[in-house]
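Residue numbers (our numbering), protein chains in the order written: chain F, 91 to 202; chain C, 1203 to 1317.
No lab work stands behind these hints: they were computed from the structure.
Every value quoted in this text rests on a predicted model; they were computed, and no experiment measured them.
Where hints are given, some of them may not hold.
Below, simulated BS3-like cross-link-like pairs (lysine-lysine); rule was C-alpha separation at most 30 Å, straight line [claimed, not checked]: (1) C/1272 x C/1253; (2) C/1272 x F/147; (3) F/147 x C/1253; (4) F/99 x F/147.
Some chain F residues flagged as far from chain C (calculated, every beta-carbon gap over 12 Å) [as the list claims (entries may be wrong)]: (5) 101; (6) 103; (7) 104; (8) 108; (9) 117; (10) 151; (11) 172; (12) 173; (13) 202.
Computed footprint of chain C on chain F; a stretch qualifies when at least three of its residues, placed anywhere within it, have a C-beta under 8 Å from a C-beta of chain C [stated by the list, open to error]: (14) 138-150; (15) 192-201.
Note that the Cβ used here is the ideal one computed from N, Cα and C, for glycine as well.
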Amino acid sequence: DSGVTQTPKHLITATGQRVTLRCSPRSGDLSVYWYQQSLDQGLQFLIQYYNGEERAKGNILERFSAQQFPDLHSELNLSSLELGDSALYFCASSVGVGSPLHFGNGTRLTVT
Amino acid sequence: GQQLNQSPQSMFIQEGEDVSMNCTSSSIFNTWLWYKQDPGEGPVLLIALYKAGELTSNGRLTAQFGITRKDSFLNISASIPSDVGIYFCAGPQTAGGTSYGKLTFGQGTILTVHP
Chain F
91 DSGVTQTPKH
101 LITATGQRVT
111 LRCSPRSGDL
121 SVYWYQQSLD
131 QGLQFLIQYY
141 NGEERAKGNI
151 LERFSAQQFP
161 DLHSELNLSS
171 LELGDSALYF
181 CASSVGVGSP
191 LHFGNGTRLT
201 VT
Chain C
1203 GQQLNQSPQS
1213 MFIQEGEDVS
1223 MNCTSSSIFN
1233 TWLWYKQDPG
1243 EGPVLLIALY
1253 KAGELTSNGR
1263 LTAQFGITRK
1273 DSFLNISASI
1283 PSDVGIYFCA
1293 GPQTAGGTSY
1303 GKLTFGQGTI
1313 LTVHP
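Full structure from sequences and hints, please.
What follows is the structure, given as structure tokens:
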């Protein structure tokens, strides 16, 4: 158990809809990262937050947004969903910059 | 951007055999990480390498940070059925910063172990 909790585990929704994925980092970790894993693209970095502030952005679509709250949990919002958004979405956390990442078990999103 | 090339893409071995996989890049990495992903779970950190030439072990796993800083390899000795999974190499993207968070991942090596 990595200590990173993600909910829900599975999500099935229709195209055009909006969903919110939630992540609770390990106790004491200030940094939260979101990754997308699909069969054709592998593990892709989306966005990073550190202590409530956006720290780095990767290949995140404009339809996607995230935030980190004062209690350090984070949410990833995906809107106007398309079939191609179907993937595993992982959250990871670390104590800070320079520390290895610890991943949650992911949310499997299926867009129909 | 930086890319990591892992090989082989997949391996089918017998229990008890040793396994070797590697990761190469056209860019220099200052850190190499090896992760394992079991079905239905997130990647789990196996070994972290911080210095060129470093050789680090974790039980039956041994990983090395290449001298050129452009490659790394992972060995598994005396494989067992629970070694099954996908093994990823990863390194922090250096463009725009040195945050560990912006990890570049290899495509993964799928390991199957036959009892």
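* **Ascending list of hint numbers which this structure does not respect** => As far as the earlier hints go, not one is violated by this structure.
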